[in-house]
Amino acid sequence: MLQDQIALVTGASRGIGAAIAQALGRNGAVVIGTATSEAGAEQITQALQAAGIKGQGLALDVNNTEQIDAVIDQIAKSYGDIGILVNNAGITRDTLLMRMKEDDWDAVISTNLSSVYRLSQAVMRPMMKARQGRIISISSIVGHTGNAGQVNYAAAKAGVSGFTKSLAAELGSRGVTVNCVAPGFIDTDMTRELPEKVRDDLLAKIPLGKLGHVDDIAAAVVFLASPSAAYITGETLHVNGGMYMA
Amino acid sequence: MSDIEQRVKKIVSEQLGANEADVKNESSFVDDLGADSLDTVELVMALEEEFDCEIPDEEAEKITTVQQAIDYVSANLK
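Listed in order, the protein sequences are those of chains P and X. Here our numbering is used: the first sequence runs in plain steps of one and ends on residue 1719. Here our numbering is used: the second sequence runs in plain steps of one and ends on residue 111.
Some clues are possibly wrong.
Capping the alpha-carbon separation at 25 Å, the derived lysine-lysine pairs in DSS-like fashion look like this [what the hints assert, rightly or not]:
no., chain 1, residue 1, chain 2, residue 2
1, P, 1602, X, 43
2, P, 1683, X, 57
3, P, 1602, P, 1638
4, X, 43, X, 57
5, P, 1683, P, 1670
6, P, 1527, P, 1550
For the record, the hints were derived by calculation from the structure and aren't laboratory data.
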């Protein structure tokens, strides 16, 4: 379905990003996954090889524009132009606003929102020339519902949604679609850190009665990347078991 | 026609999908050749690539016709 397409997935060493990398690869894409450390990059390379997927892991700090340019250059030389960008890298620095340090705010905005600006800008030119391309950002249910203790994370994720709609309007005439996938409560390292009481309360709010799996998110990304989704742009696809119905 | 003029016109016609014969010196990208805002940005980027130069945004804004593009490139080519 995605034969010979080149996909770049940020934050691909574990969790949702790792599942997205695998799913895109299973559908025929060449996958380049990034991680913040060399060890993470190596882990991605091995996971891709083990699954027989063409591509590799690369170390990248999505806060660093020079590194981004270098990585895009390297991908262009080794594989070709990126046709699918998945902005997945993200961090949390949860705390109540009363206690939040400016550094907690800045780090989350930079990694979760400004990185989407940096990476989208870095890959859009070849997409515009090719008159096709997919930019898919992983936002969050929290960007739509809000969540106590996550003003930074929720603001960044809501920002990604506004960014997506605006860029979709800019690039529509060039055949490039720009969309979000908004996960609900997915079973990952990030959500395993939550206290049990919080987890139980959240579960009670999910009509489907269980946590989401990373593959549920990956499937939504594959769909948006596929030719079947060519007429969908500026949209957020919520994958949350009914926890929030847009 | 000078070499620069020829190269500029070729790029304009390629970028805007216009017939080369329709690309005249006095042609306005937007009014005569049907460019939208994204087209004009792409056009400037294509000129930068072709002539290996960087056109600052405030200069790029002033380039709205084929002649203005030729003049800018002629004046600033290394």
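Let me make sure I understand: some of the numbered hints might not hold for this structure. Which ones are they, in numerical order? 2
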